[in-house]
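A.B. asks: Those sequence lines, one after another, are chains P and S. Per our numbering, the first sequence starts with residue 7, numbered consecutively. Per our numbering, the second sequence starts with residue 7, numbered consecutively.
Keep in mind that a hint or two might mislead.
A pair counts as met if it fits within one copy or between any two copies, since identical chains are not told apart.
[Unchecked claim] Below, in silico cross-link-like pairs of lysine to any residue (SDA-like), each with a Cα-Cα straight-line distance of 20 Å or less:
| hint | residue 1 | residue 2 |
| --- | --- | --- |
| 1 | K206 | T183 |
| 2 | K10 | Y56 |
| 3 | K84 | K159 |
| 4 | K84 | K167 |
| 5 | K159 | E171 |
| 6 | K241 | F204 |
| 7 | K159 | Q85 |
| 8 | K236 | H170 |
It should be emphasised that the hints constitute simulated quantities derived from the structure, not laboratory data.
Protein chains: 2
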Amino acid sequence: MDRKIVQNISVDCVILGFDSVEINVLLVERTLKNPDTDETIFSDLTLAGYHIFEDEDLDSAAARIVKDRTGLENISLKQFYSFGALDRLLHPNDQSWIKASNVIFSDRVVTIGYYSLLPSTNLEIMQNGNIVNWYPINGLKGLAYDHDVILQKAIEHLRHKFWHEPIGFELLPNKFTISQMQKLYEFILGTRFDKRNFRKKISQMSYVVPLKEKQKGVAHKPAQLFMFSKDIYDKTRKERFDFFV
Amino acid sequence: MDRKIVQNISVDCVILGFDSVEINVLLVERTLKNPDTDETIFSDLTLAGYHIFEDEDLDSAAARIVKDRTGLENISLKQFYSFGALDRLLHPNDQSWIKASNVIFSDRVVTIGYYSLLPSTNLEIMQNGNIVNWYPINGLKGLAYDHDVILQKAIEHLRHKFWHEPIGFELLPNKFTISQMQKLYEFILGTRFDKRNFRKKISQMSYVVPLKEKQKGVAHKPAQLFMFSKDIYDKTRKERFDFFV
Numbered sequence: 007m008d009r010k011i012v013q014n015i016s017v018d019c020v021i022l023g024f025d026s027v028e029i030n031v032l033l034v035e036r037t038l039k040n041p042d043t044d045e046t047i048f049s050d051l052t053l054a055g056y057h058i059f060e061d062e063d064l065d066s067a068a069a070r071i072v073k074d075r076t077g078l079e080n081i082s083l084k085q086f087y088s089f090g091a092l093d094r095l096l097h098p099n100d101q102s103w104i105k106a107s108n109v110i111f112s113d114r115v116v117t118i119g120y121y122s123l124l125p126s127t128n129l130e131i132m133q134n135g136n137i138v139n140w141y142p143i144n145g146l147k148g149l150a151y152d153h154d155v156i157l158q159k160a161i162e163h164l165r166h167k168f169w170h171e172p173i174g175f176e177l178l179p180n181k182f183t184i185s186q187m188q189k190l191y192e193f194i195l196g197t198r199f200d201k202r203n204f205r206k207k208i209s210q211m212s213y214v215v216p217l218k219e220k221q222k223g224v225a226h227k228p229a230q231l232f233m234f235s236k237d238i239y240d241k242t243r244k245e246r247f248d249f250f251v
Numbered sequence: 007m008d009r010k011i012v013q014n015i016s017v018d019c020v021i022l023g024f025d026s027v028e029i030n031v032l033l034v035e036r037t038l039k040n041p042d043t044d045e046t047i048f049s050d051l052t053l054a055g056y057h058i059f060e061d062e063d064l065d066s067a068a069a070r071i072v073k074d075r076t077g078l079e080n081i082s083l084k085q086f087y088s089f090g091a092l093d094r095l096l097h098p099n100d101q102s103w104i105k106a107s108n109v110i111f112s113d114r115v116v117t118i119g120y121y122s123l124l125p126s127t128n129l130e131i132m133q134n135g136n137i138v139n140w141y142p143i144n145g146l147k148g149l150a151y152d153h154d155v156i157l158q159k160a161i162e163h164l165r166h167k168f169w170h171e172p173i174g175f176e177l178l179p180n181k182f183t184i185s186q187m188q189k190l191y192e193f194i195l196g197t198r199f200d201k202r203n204f205r206k207k208i209s210q211m212s213y214v215v216p217l218k219e220k221q222k223g224v225a226h227k228p229a230q231l232f233m234f235s236k237d238i239y240d241k242t243r244k245e246r247f248d249f250f251v
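If we strip away everything but chain P, and leave its shape as in the complex, we get (with noise of 0.2 Å):
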């Protein structure tokens, strides 16, 4: 047979982080210098991403993959989608950028997609000689690679996975007000919920418990805080038949 087959693989991470207000996605520069003259020829934003080494499965290439780049360690990661399109590294910058790193030498590398959800975007984040920094999803574009065709992607699997199961809770504080996860559930459906029918279907959540607790050190009137508990989810799950509305 004269066809080729494909022989290069990496793992792509989509950390994103809620910061009460939106929902950011942590980005690393990439900079192709000129070797001789040190002068930039181009400068992009990626998600962290890198080959699989042979002696690591694809979670520990993962979780490996993103402290390399950002320092972020223990973090739950979770593969959500491959990308494989024929196109997805053909840029010239990207072309470029492939010629002086010497590690794959294909026009076709298949990627696997990982996100993590993180309720805050105040971490730390180790530069390790990378550049990092957090970036509002909102009309962001323009990433390297087809790193925008990830991101959506990612998005898409969240809102699908919204308006499915309680995962939004993961992107929340332990405590959370009302209107912060309807902010959030907005956000991420593309839709807007009215505040008393939302907080009228919240009551009829056994799984979000509210706390005997208020909010601290805000110039409004405080509100009652709230947590999402698995148990009671999971418990509940069978006479719910969560589809079976």
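With chain P held as given, fit chain S onto it using these hints.
C.D. replies: Okay, now just chain S, sitting in the frame of chain P:
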């Protein structure tokens, strides 16, 4: 750096069919023969899988592999998870097969799992020189490579989706009885539903539409037929806000 990167990647497809009694998976016989004596060294079963060619993206590779291995065309194939355990190809049979196949050159191959749900096992399978058959998944073990793990993960993935989304209808005929539906859900979810409660829940689902038609050609009293309306499901989604039950 000393560590080598993984340079092999494939696609494996879990094709599931519901025959109104149980769920079956389509498997391909893998038989290694001694090239000199034509004696069988071993024979076992694999999912439909192969490497990705440089001129195809992941979805195209999955469709091409299913067609090449089983003759099935135009079936819906969805990516669900990728697998890269260090030992997934290390069984002696797998090692012998790999050596004989001359396609890959390493102990590490990362594979991207796809699944397909078919409402019947009564399909024309073109064997293309392969021996392909349906096998009930209950108690199935001893597949080639890590295909036991991939099959198990596909079932877990579906179980999770079944709890949260109306995905079961893909495995049911266009027109189905409530008892077929209950059997399928009990099978996938590994649980039992009380018959009356199950019927009551269904009657609350505006998107499971009763038809003015009954079963034909059955020995017992013919049961009423139903169909699933994706339109109604999507339209009522925001009001339901599924996980807010």
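A.B. asks: A separate judgement is required for each hint: does it hold in the structure or not?
C.D. replies: Hint check:
1. In this homomeric assembly, K206 and T183 come within 20 Å of each other (Cα to Cα) only inside a single copy, at 14 Å, whereas the closest approach across copies is 36 Å.
2. For the homomeric pair K10 and Y56, the shortest alpha-carbon distance between copies (13 Å) is at most 20 Å, but the shortest distance inside one copy (23 Å) is not.
3. Taking the shortest Cα distances, K84 and K159 sit within 20 Å of each other both inside one copy (14 Å) and across copies (14 Å).
4. Proximity of K84 and K167 under a CA criterion of 20 Å is satisfied in both settings, with 13 Å inside one chain copy and 16 Å between copies.
5. In the homo-oligomer, the alpha carbons of K159 and E171 lie at most 20 Å apart both inside one protomer (18 Å) and across protomers (19 Å), since each shortest distance falls under that limit.
6. Within a single copy, K241 and F204 get their C-alpha atoms only as close as 23 Å, which misses the 20 Å cut-off; across copies the closest is 19 Å, which meets it.
7. Taking the shortest alpha-carbon separations for K159 and Q85, both the intra-copy value of 12 Å and the inter-copy value of 13 Å come in at or below 20 Å.
8. When the C-alpha separation of K236 and H170 is checked against a cutoff of 20 Å, the pair qualifies both within a copy, at 15 Å, and between copies, at 16 Å.
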